[in-house]
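Engineer: Sequence:
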Amino acid sequence: MKAWGNVRCKFLNSFKASPEGLSPVIGSLLLLLITFILVAAIVSSVALSGSRMNLQPPVVNIDLESCEGGLYGVGHSSHWVTFKENRIVLMHEGGDSLSPDSISIKISGYGNSFQGNISNGTGKRAEGNLEVLYMDLSQERKNQKYYVANNNATLEDGSWDIGERLILCGQDSPKKSAKSSVVVSVNGNGNTSDNYGFKAGTEITLKIIDRKSRNVISEQKATVKFVD
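Taking the numbering used here, the leading residue of the sequence shown gets -15, the next gets one more, and so forth.
Note that these hints are calculated values from the structure, not bench results.
A hint or two may mislead.
[Unchecked claim] Here are the simulated lysine-lysine pairs, DSSO-like style, with alpha carbons at most 30 Å apart:
1) 159 to 196
2) 129 to 191
3) 196 to 108
4) 90 to 159
5) 183 to 90
6) 159 to 183
7) 108 to 191
8) 108 to 159
9) 108 to 163
10) 68 to 129
11) 191 to 68
12) 108 to 68
13) 209 to 108
14) 163 to 191
15) 159 to 129
16) 191 to 90
17) 209 to 183
18) 90 to 129
19) 90 to 205
20) 163 to 196
21) 129 to 183
22) 90 to 163
23) 68 to 90
Construct the entire structure; sequences and hints are all you get.
Structural biologist: Written out as structure tokens, the structure is:
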């Protein structure tokens, strides 16, 4: 019994002393846990900051250098203007270089397009509030004769740089049988030939949009001059 009493006393003494022995261990674990939390917070902050930086839109100075055109099939035939004669010229005057794949252009104003097949006489004019969207500025799914030929020198290196012009025309869409990256709608109706002309003397609004951040990085207004 005495031996058992000694064992029990040693066990109790050990148990009573254990909190003091555990204090340094607990303190170390708490410090380690706090360190892990601080490191995780720093890593998250850096990652979030980096993602925000990646979403920063480019900063550019784009000038709408000229805008000329007119409508086809309106008034006397001597005043008719074809789609290809509708031309907008943009000049990159400063700031970041632009990747053609990452930029969209939206143009709105009053104009016309065609619905149906105009080659066999079943098509008809569609006139009204016109919206034109260049989904991107690459040469893909565009008219080789107009958009590609007009902008090959500018976009052949995959970048729209300072001092380079970009030329848009009303016939930048490929043939109707091919899917176009230029989308046209008249009065909200997108069933058009995806070609366009803006009425001379009216005002257009042109927005250049960074596709990644979805921010408008340049907005210009211009009055359509009747084509010479």
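Engineer: A separate judgement is required for each hint: does it hold in the structure or not?
Structural biologist: Results for each hint:
no. : hint       : result
1   : 159 to 196 : 29 Å, holds
2   : 129 to 191 : 25 Å, holds
3   : 196 to 108 : 37 Å, violated
4   : 90 to 159  : 21 Å, holds
5   : 183 to 90  : 17 Å, holds
6   : 159 to 183 : 23 Å, holds
7   : 108 to 191 : 29 Å, holds
8   : 108 to 159 : 17 Å, holds
9   : 108 to 163 : 20 Å, holds
10  : 68 to 129  : 10 Å, holds
11  : 191 to 68  : 21 Å, holds
12  : 108 to 68  : 18 Å, holds
13  : 209 to 108 : 25 Å, holds
14  : 163 to 191 : 23 Å, holds
15  : 159 to 129 : 11 Å, holds
16  : 191 to 90  : 5 Å, holds
17  : 209 to 183 : 9 Å, holds
18  : 90 to 129  : 22 Å, holds
19  : 90 to 205  : 12 Å, holds
20  : 163 to 196 : 23 Å, holds
21  : 129 to 183 : 24 Å, holds
22  : 90 to 163  : 18 Å, holds
23  : 68 to 90   : 18 Å, holds
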